[in-house]
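S.K.: Those protein sequences? They're chains E and H, same order as listed. In our numbering, each residue's number is its place in the first sequence (first place is 1) plus 1169. In our numbering, each residue's number is its place in the second sequence (first place is 1) plus 1.
For the record, the hints were derived by calculation from the structure and aren't laboratory data. Heads up, the beta-carbon is just placed ideally off N, CA and C, and yes, glycines get one too. The reader is advised that the hints may include incorrect statements.
Stated by the list, open to error - Pulled a few chain E residues facing chain H out of the computed Cβ check, cut under 8 angstroms:
#: 1; residue: S1781
#: 2; residue: G1784
#: 3; residue: L1788
#: 4; residue: N1796
#: 5; residue: V1799
#: 6; residue: V1802
#: 7; residue: Y1806
#: 8; residue: K1809
Chain by chain, the residues run as shown.
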Amino acid sequence: MAKSIKTKIEVEFHEARFEAIVQTASDVIVISDENSIIVFANKKTYEVFGYDEGTLIGSNLGVLMSERYRKGHKVGVRRFLDTGNPKLIGHTVEIEGLRKDGTVFPLELSLSAWKEEGRYFFSGIIRDVTERKQALAETEKTNKKLQEQQEELEAANEELQAALEELQIAEEQLREANEELEHRVEVRTRELTESERRVKQSEEELRLITDAMPVLISYIRSDGTFGVVNKAHEDLFQISREEIIGKSIKEVIGEKAYDNSFPFIEKALKGEYVESEILQDYGAKIGKMWRRAFFVPRREEGRVIGIFALVEDITVLKNIQLEQELANQKLREKDAFYQALIEHGSDIITLFDEELNYIYCGGSILKELGYKPEQLIGDNALNFIHPEDIPMIKEYWIKTLSSGEKEINVAEFRFKNAKGEWRWLEARGSNQLQNPSVRAVIFSSRDITERVKSKQELEKLSLVASKTTNGVLILDAEGRIEWLNEGLTKNTGYTFSEVVGKLPGSFLRGEDTDKANSKQLEEKLKQGKPFTGEVLWYRKDGEKLWVLLDFTPIFNEVGELTRYIVIVTDISERKQAEENQLQMTNDLFRHNKDLQQFNYIVSHNLRSPVSSIMGLADLLTTTEDKNSEVFNVSLGYLKKTADQLDTVLKDLNQILSIRNKKAASVNEKVELIPVCQQVIETLQEPLNECGGKVYLKIEEGISVNGNKAYLYSIFYNLLSNSIKYRSPDRSLEVNIKCYNNIDSGVVISFSDNGLGFDMEKVGENIFKLYKRFHNNFEGKGIGLYLVKTQVEAMDGQIEVNSRVNVGTTFLIYLK
Amino acid sequence: MKIFIIDDEEVNLFLTQRMLVNSGLKEGGIHPFLNAEEALHYIQTGSDEDYPDVILLDLNMPVMDGWELPDALVPQWERLREKCRIYILTSSLP
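So here's chain E without its partners, still in its complex pose (with noise of 0.2 angstroms):
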């Protein structure tokens, strides 16, 4: 019993194996019956033939072979079965299948037969050989053309041979004609050698002869290439006479010098002699040089065919002719110039003999003085002095006459001109009496009278603006500085001989003086007009001065200007009073809004809960059940809401006692640390509720002056904020820290752990009145105003920093 089961299982593992092997491999498997119907097709046989899976069972086995196949198909199963002779039985062949589709592929089938119960089944091993086929077929294909090609290439290379015969015997035949003609070249070359010869020993001949002259020879072709050329070339140009040849002009002297001497080099190539003198320039590595040239034409059948050319330096020669030139030219000018000078200069020169009569004069004294040169000529210079200066110019002559050639006498004196008027005139005289080709005094004279006056006016006006108490500042034309008087000296520090000669803007404007008011000043200045400005002045000491500036133009006779009298008066103490009153505007008007905002604010939180207590009492009287809900929690927000405008008039009571206080401060010296320490005692409770801790850090004995009660609320109101917003997540930590800085006074920093706040978006309204930051919180916005309050009522500062989730810090800066 056991063992049957045991075979059970084996067959069926073993049909079970088969089963697996024959549906998952790669050929097709095919089992018919003696009847040639199948009774098996593996998965393969569906995939190759195109049949769906399962439906080839049962049919006839000719349907997977093509028609020429099945009768000799039948034939064979029916001769098996009679004979039992296997004729295919165990073989491979070679037959033809049938697709479903119809179509017919070449197929590889090995057979096999075994009895099973009596009857005989066939299984077909079956592998699609259609790719090998055709593989087959493409071979073959390809091998056939090779052959063709083969034959192909076989009949070429027979013709190539026969051309190769046909070619040597050519070839062949040339040698032969080549050794004859080598032959007589060889004759012919050693007649020519020897007249090459002979020309190459009278070439040379002539090449050293050309070499050795410093001059450039040369034959240049009708090109304008170079043909010949001598030594001389190589040295100018630092290229060898090999590389010249050949080459065209324009290569080897460069373009300047080509085209300086293209004209000559064209005219001779017409056939003219030509001879050339230029400054040649041969660029910059070469430079220039003064060149005579000589061109001559060669000629052959009538042709030009080329050109001698034969260059010679003559710098040298040409340089000495033209520095004579020049110092003639030279010597014209100066004469020319010295004659000009004396006859058209602004100055009169004038001859005098010992006499002091005119030898000479000038032609330029006749636009000067209105005299032409022969009325004074012989007349004696006195005649046209002023009595007044007769006696000075007498004793100044007397001094001329006994110095030197080459010492020069000043004289200022009054003349008379040709109109009768007098003007005065600076003589500078030299006495040449001695020297040979002059024999004469000669005299420089010009027309000082404008200055003379302008001095004689600046002293005038000077006289009279020293004594005045104002500042005064004489300017000239341009706004230099001529004269100052004592009163702005001492008002801007500056002594008159720093200041003379420079523009009062250059030294005294500074920082803060306006840009665009000096500039209009300047403007103004240039107009010729009075006018006066405000301007902000340095002194030297670098203190402030403003000053009010009085300009008057002064004209001389024919209306130029000539100077400004500028009275300077000191307008500071002015500017400081309006400045004063500006900052008290300013002032005001912050004082001004500030008082608004706290109207305002203060209307809205007196009037929020007046309103609310309107509403309730309204809402109680017409609650008719007096034990109802609403009735009993409208009482308790009416309590409440009492309670809070109380609060509200207490804040404000104590806002306005500090504001009135703010002018009258109490000032104590109030020593930090115990108000610090009281501050906590009170607080202790709620410090404790929440495990809050405090860390002091001051300095000891650190104190500032103020107000202990402001101090105490400052302190307060800064902790129980702190204790109020505190963080939930973590256990509130304050730090309180005193110092002493040198710049600010004393530093208060108090900062803790809290919720903090966003800078960004409360900033500085964090020190508003009624100003509220977080939801929830019993807060009244009251209190960091108080403490801004009452920092700033000690003349302190403060500031705030935070970071939601971090905490908060303020600085407090007392004096």
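Following the hints, complete the assembly by docking chain H onto the known chain E.
M.R.: Coordinates of chain H only, in the frame set by chain E:
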């Protein structure tokens, strides 16, 4: 009728609520909020049915004030405007 009252003052919230009830509105339709964020959250997370018909809005409130709430409601506004009106209820203006 759904009415939101937004005011940080508890008393005001109570008073407004009573006044509306006394004038005949149903108590269940009145939603008091002590700050604008809660009301905003209610609208943002609710469906169209949760949208109020009227918002009575105080201006001066901590954290988010009455001016900021309509700005925060812009994404909902297309649908909200169909039925909702906002009234400002404040003593802030002089």
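S.K.: Now tell me, hint by hint, if it's right for this structure.
M.R.: Hint check results:
Checking S1781/E against chain H by beta carbon gives a least distance of about 5 angstroms; that is within 8 angstroms, so the hint holds. For G1784/E, the interface hint holds, since its Cβ comes within 8 angstroms of a Cβ in chain H; the closest pair sits about 4 angstroms apart. Evaluation of the L1788/E hint against chain H yields a held restraint, the C-beta minimum of about 5 angstroms falling below 8 angstroms. Hint status for N1796/E: violated, given a least beta-carbon distance of 17 angstroms to chain H, over 8 angstroms.
Contact between V1799/E and chain H, as hinted, is supported at the beta carbon level, the nearest pair being about 7 angstroms apart and thus within 8 angstroms. The closest approach between the C-beta of V1802/E and any C-beta of chain H is roughly 7 angstroms, which is under the 8 angstroms cut-off, so the hint is satisfied. Hint on Y1806/E holds. Least Cβ distance to chain H is approximately 5 angstroms, under the 8 angstroms limit. With a least beta-carbon distance of about 7 angstroms to chain H, the hint placing K1809/E at the interface is held under the 8 angstroms criterion.
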